[in-house]
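Novice: For the protein sequence lines, the chains are R and C, in the order given. Take the first sequence: its letters are residues 1 to 309, numbered as in the numbering used here. Take the second sequence: its letters are residues 1 to 293, numbered as in the numbering used here.
One or more hints might be untrue.
[To be verified] Below, computed lysine to aspartate or glutamate pairings styled on DMTMM-like, alpha-carbon distance capped at 20 Å:
hint : chain 1 : residue 1 : chain 2 : residue 2
1    : R       : Lys-228   : R       : Glu-170
2    : R       : Lys-277   : R       : Glu-218
3    : R       : Lys-302   : R       : Glu-209
4    : C       : Lys-89    : R       : Glu-158
5    : C       : Lys-89    : R       : Asp-81
6    : R       : Lys-228   : R       : Asp-271
7    : R       : Lys-90    : R       : Asp-64
8    : C       : Lys-89    : R       : Glu-209
9    : R       : Lys-277   : R       : Asp-264
10   : C       : Lys-89    : R       : Asp-88
Hints were generated in silico from the structure; no laboratory data involved. From a predicted model like this one, the values you see are computed outputs, not experimental measurements.
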Amino acid sequence: MLEIRNLRKTYGDLVAVRDLSFTLEPGDILGFIGTNGAGKTTTIRMVSTLLEPTSGTASINGFDIQRDPMGVRRLIGYMPDFFGLYDDVKAWEYLDFFANIYGIPSKQRPSVIDNVLELTDLTTKRDAFVQSLSRGMQQRLCLARCLVHDPALLLLDEPASGLDPRARAELRELILELGRMGKIVIVSSHILPELAGFCNKVGVIERGELLAFGGVGEVVRSVQPHRKVHARIVGELDGVVATAMACAGVSDARIDNSGSVVIDLQGSHEDQAELLKTLLAKGHRIFEFREEAVNLEDVFLKLTRGDVN
Amino acid sequence: MIRLMDTFESPLLGERKRAIRKIMNPTTSKGTNTAIRALILLLYLVLAVYGLSVDNSALLAVISFALLTALCFLTPALLHSAIAGEREKRTWDFLAVAPLTASQIILGKFSAGMSAVLMLMLACSPFFLMSTFRPVDPEMSLSYPTTFVTQPQYVLYIALTILTFSMALAAFSILISSRSRRAFTAQGVILGLEALVLLIFPTFLSAISTDRIYVRLLTALSPYSSVSGSLDRAVEGSDFYGVGSDALPMLIPPLIPCATYLIFTVLCLIWSERTIRFADNDVRFVKARARNS
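So that you can see chain R by itself, here it is in the shape it has in the complex (with noise of 0.2 Å):
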């Protein structure tokens, strides 16, 4: 478990990072959101240990990042926004050389090498230069190199920068894996619909404050109480707005320009189900009826207000 307490990092006047605290469960992936300068890096630099907070600290599985730094760094796998790799080395030297330092016996290190290779989709290159591999695998080899140690938290900072759209679903899959397995993930990233195709938490950060923080349903409704529902009716649309107005939870109903019907939803999915019922026992022939997918943008750009510290 992750847990963070009054974070705070400051450089004379400047405060980076303000009295952040949440909590993460194993299986958590968690989007972390902010504009640049928001304080995302300055958090996970503070939690991976190379950056000392001024005040609060964090704890990942009991250790503590200022009191057992080393145990921290045994449990954690970074991967920083900016990065290079040893060019001078193959693929599996570069994962034999942190095994070792991460402390795998020798007879343990080639298979847990070939698992990570295996994992990160890397395996045809484990003789490869890694001056030889694209931009892509050599993300994905570094986020081999996070997982060599088999760590219980891994932080991503912006993973997904420089990436085509291949290599990005190739990320996602990877990420949505490393949950699966029980590890928490925190991913800092500006792609946020992407984000929302894999976290199952979200955290809004802006001039090193928590803006919001929970599920990512649950931060949507916190700034969108009201949800959306798209419905879409052949022949004739007199009276749907009306009839819709009508129903319990609706607080408002219009024709769009597409000639679709939206409907402001607040209340719960039975009023959403009773609506659907009534429209349909009105007459209205109804051949789409979908709630408007959550929107991380709309959420961030509610939220924030684009300062940078």
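We have chain R; now place chain C onto it with these hints.
Specialist: Same frame as chain R, but now just chain C:
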């Protein structure tokens, strides 16, 4: 050698293994590495041919000075980027988040550099052995009647001087590297200070006076002077110092420079370790203006 190292599970050895792989692996795609390997091999062959054609004392002098000079360049070349290069290539964070103490990182880097130095010294050891124990050719001894290695223990002193000086240079290179932002800057500083200490300063001192005792003491601490002194003592009748072989033996015993280099090594390593302590780099190596902007 790597398999032998695998029997030890110390994280320190990772750096040594990586350095040895880098040096020994013939398939590495870096052209400069291949060129350096070819150059060392060529020099080695030239020395081998030369060694067979000259007498023992000449071979000892050439191999001693050649090895010392080679290490003056090779050691900084291997270690100038030990820390600064990692920082510059953004690989440093991976070491910093690994469960390694600052001392382990520094000693790992140091042992990696020293592995290469020891490999070169081992490669040169046949020449030292040849110059010490090769039977003297009677015809050659007639032409060079005063140049026999008569005191083999001084050959050991020469090797010790070269080794300890290399250790000092390796530790100094790591220190400068740990306090530099860029590897290139570190390389420039190391070579510049080396030139100052080994060339400019001794020349300046000798221009002042060679008679004063402190000048002699400082000069004797130079590895070239120390090696010359040991050569003078090892080879009866020679005068590499140019001031007479009996001028210094009582003043500076051969092990004093070695001890000085070892003390310097330890001091540099301790200072380096203090430089790269937990979370220090973010403060020390980020410009104040950038931090506050």
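Novice: The structure should be examined with respect to each hint, and the outcome stated for every one.
Specialist: Hint-by-hint comparison with the structure:
1. R/Lys-228 x R/Glu-170: It is violated: about 31 Å lies between the C-alpha atoms, which goes past 20 Å.
2. R/Lys-277 x R/Glu-218: 26 Å, violated
3. R/Lys-302 x R/Glu-209: 15 Å, holds
4. C/Lys-89 x R/Glu-158: Since the Cα atoms of C/Lys-89 and R/Glu-158 sit roughly 18 Å apart, the hinted pair holds (cutoff 20 Å).
5. C/Lys-89 x R/Asp-81: Roughly 13 Å separates the two Cα atoms, so the pair holds.
6. R/Lys-228 x R/Asp-271: Within the cut-off at roughly 13 Å; holds.
7. R/Lys-90 x R/Asp-64: Since the Cα atoms of R/Lys-90 and R/Asp-64 sit roughly 35 Å apart, the hinted pair is violated (cutoff 20 Å).
8. C/Lys-89 x R/Glu-209: Status violated; Cα separation ~31 Å.
9. R/Lys-277 x R/Asp-264: 17 Å, holds
10. C/Lys-89 x R/Asp-88: 13 Å, holds
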